[in-house]
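Asks: Take the sequences, apply the hints, and build the full model.
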Amino acid sequence: MALAKITSFTGRAVAVPGNDIDTDRIIPARFMKCVTFDGLGEFLFNDVRKQLDGTLKPHPLNEPRFKGATILLSGANFGCGSSREHAPQAIQKYGFRAVIAEGYAEIFFGNSITLGIPCVTATREDIAKIAAAVEADPTLEVTIDVTKQEVRFGGQTVKGAIRESARDALVNGRWDAIGELIDGLPAAKTTAAKLPYLAA
Amino acid sequence: MPKSLFQKVWDAHTVRQLANGQTQLLIGTHLIHEVTSPQAFGMLRDLGLPVAFPHRTFATVDHIVPTDQLVEPYTDPLAQAMMDELRKNCAQFGITFFDRASGKQGIVHIVGPEQGITQPGTTIACGDSHTSTHGAFGAIAFGIGTSQVRDVLATQTMALSALKVRRIEVNGKLRAGVYAKDVILHIIRTLGVNGGTGYAYEYAGSTFDGFSMEERMTVCNMSIEGGARAGYVNPDETTFAYLKGRPYSPQGAAWDAAVATWKSFASDPGATYDDVVKIDAATIAPTVTWGINPGQGIAINENIPSVETATSDDDRAGIIEALAYMKLPPGAPIKGTAIHVAFLGSCTNGRLSDFQEVAKYLKGRKVAPGIKAIAVPGSQIVALQCEKLGLDKIIAEAGFEWRAAGCSMCLAMNPDKLIGDQLCASSSNRNFKGRQGSTTGRTILMSPVMVAAAAVTGRIADAREVFAVSNN
Ligand code: SF4
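Note that the protein sequences, when read in sequence, are chains V and S. Under my numbering, the first residue of the first sequence carries the number 8, and numbering increases by one thereafter. Under my numbering, the first residue of the second sequence carries the number 104, and numbering increases by one thereafter.
If you're looking for bench data, these hints aren't it; they were derived computationally from the structure. It is possible that part of the hints are untrue.
[To be verified] Sample of chain S residues at the chain V side, in silico, Cβ under 7 angstroms: (1) 119; (2) 125; (3) 126; (4) 141; (5) 293; (6) 514.
[Stated by the list, open to error] Derived pair list, reagent style SDA-like, types lysine to any residue, alpha-carbon separation capped at 20 angstroms: (7) V:201 <-> S:181; (8) V:64 <-> V:24; (9) V:40 <-> S:181; (10) V:40 <-> S:360.
[Said to hold, decoys possible] Just a sample of chain V residues kept apart from chain S, beta carbon distances all over 12 angstroms, derived: (11) 15; (12) 75; (13) 136; (14) 185.
In this text, a Cβ means the ideal position worked out from N, Cα and C, and glycines have one as well.
Replies: And the structure:
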């Protein structure tokens with residue numbers, strides 16, 4: 008399966024600040040009553056963005072000036088909690104293509120990479136700089152260079168780190184492992200035959 | 104070289120290295136449920152792939168099932184659609200499904216152990232973050248996303264990077280009225296909600312040696328709340344005694360061979376760890392959360408934090424956000440906080456021993472007026488065990504509604520939900536904003552006996568005082 012090589016991405020950004028933003032907040036459980044991921048984008052951050060009657064609450068994603076942003080900025084331990092892939096799916100279906108945060112929960116990070124969403128890590132100070140620049144000019148273009156592990160915006164460059172296995176997977180177009188895993192199926196059967204509980 | 108259980112299981116299940124440096128890891132046992140699997144089957148169909156090892160995947164239905172309606176079609180058509188989809192997928196791909204009619208249905212993390220499917224020295228994956236529960240048996244168990252569910256269905260493997268291992272030793276005897284739930288709430292409070300990032304937790308020490316399998320499951324269950332991808336306890340005689348005679352446990356001569364294999368997976372004395380943490384069991388108090396993540400916990404006799412108690416800017420921001428959501432008075436005792444709902448159940452504390460312990464204290468007591476109290480067994484088998492012992496009657500006579508098995512109000516994907524800003528004393532594992540089905544609903548996590556104490560007093564209470572608790 009030929010996958011796109013994700014070496015860098017340029018787009019406008021929006022900051023959704025806060026630490027420990029959990030996947031229940033990213034996509035509340037009631038929207039998981041579905042058998043496909045289609046349509047999840049509409050409910051991204053639903054309960055912090057909308058009142059029960061659907062009217063909008065103050066939230067960065069509700070501000071017209073940030074419409075069309077494709078890079079999400081956030082804080083530490085982003086995506087903690089449930090393993091639901093509905094969370095990165097909602098982020099992607101909403102229109103985001105990349106995330107810059109101080110850190111990620113493990114499962115969320117893995118799920119996102121598998122969907123080809125670069126999740127880069129930057130320091131709090133650097134994220135604040137990007138957020139300030141975007142706040143001053145929401146049309147500012149931000150570039151995430153996955154190959155060089157840096158983020159460029161408005162003439163500034165900061166570090167945007169990404170774990171080597173994920174960086175390799177993105178830039179070499181193997182972020183969805185399924186093709187490689189299928190190639191390894193005969194080897195998997197050999198490994199299984201050596202384990203009593205699977206050989207039986 | 105001496106190795107930890109994690110290393111041994113990882114090595115035994117390594118298929119090969121992938122180009123990006125990750126490992127293609129064989130997943131011995133795959134568990135699925137209705138919420139995170141339908142899209143994975145959809146992806147399989149799109150790719151035209153079969154299920155590689157259909158006999159190694161087991162399904163049940165737990166999140167969306169109503170606990171007060173047994174007959175289909177369910178009132179909620181979306182819930183019924185998910186039920187139908189799982190049934191169809193299992194039938195088409197030849198997967199064993201513990202449907203409600205089987206009498207074996209329940210929360211996936213309760214069904215696996217109960218059936219003897221969860222075994223030591225194995226790898227387990229499930230599209231659910233609390234898969235870490237199965238680590239109680241000395242399995243390495245991963246919660247995964249839906250694309251990985253697809254990977255495991257198609258290849259019985261997935262791509263993973265090895266984890267570091269932190270050994271958490273708890274030694275000594277727990278004080279009266281302190282339970283396994285308090286141990287894990289204490290660990291998360293101490294190490295933080297992301298303290299476990301990149302780690303598997305190995306729980307050890309004399310406290311764990313003395314724990315039953317159900318207590319070990321309660322702790323391993325919430326490893327994920329501490330940020331750890333997996334958590335486990337080394338298998339021992341307690342593990343083997345639990346597994347003996349279960350439907351999927353090895354039988355006859357195969358049993359002895361299996362026990363020998365299982366023993367060989369236990370961590371070697373002298374194994375090296377990336378980190379070691381030691382905790383004295385006697386320092387652990389009945390613990391409750393006050394905020395909006397499971398690390399925001401305090402001992403029952405402590406006061407609700409205020410911004411003045413913040414230890415860092417982050418902590419300060421966290422306290423402000425949590426207090427605003429929880430509508431709790433900063434600096435006041437948590438004890439005495441009025442509750443509206445009491446929930447007993449979930450994959451953390453929905454097992455036989457939980458209901459036994461609670462029934463011991465609820466006997467002859469009454470839920471306080473105006474409190475909605477529900478008790479939801481984690482599986483149909485747990486329900487039956489409780490009913491045989493008459494626990495359901497004791498619990499119902501006290502004023503709890505005795506429901507059918509499922510996840511219920513742990514995440515409220517079924518009709519069991521908080522209303523408005525109701526405050527719930529809950530034996531579940533997550534207190535995130537909106538977790539229990541109302542966008543302004545509030546959750547305080549605690550042990551089942553503490554939930555019972557809150558139910559009968561209508562307030563967050565110290566169960567040791569309410570019930571004159573003594574262990575044993
Ligand atoms: S009981 Fe709660 S935490 Fe456990 S599997 Fe169900 S929803 Fe998830």
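Asks: Each of the hints needs a verdict: does it hold here or not?
Replies: Hints, verified against the model:
no.: 1; hint: 119; result: holds, 5 angstroms
no.: 2; hint: 125; result: holds, 5 angstroms
no.: 3; hint: 126; result: violated, 10 angstroms
no.: 4; hint: 141; result: holds, 4 angstroms
no.: 5; hint: 293; result: violated, 16 angstroms
no.: 6; hint: 514; result: holds, 5 angstroms
no.: 7; hint: V:201 <-> S:181; result: violated, 43 angstroms
no.: 8; hint: V:64 <-> V:24; result: holds, 15 angstroms
no.: 9; hint: V:40 <-> S:181; result: holds, 6 angstroms
no.: 10; hint: V:40 <-> S:360; result: violated, 44 angstroms
no.: 11; hint: 15; result: holds, 18 angstroms
no.: 12; hint: 75; result: holds, 27 angstroms
no.: 13; hint: 136; result: holds, 17 angstroms
no.: 14; hint: 185; result: violated, 6 angstroms
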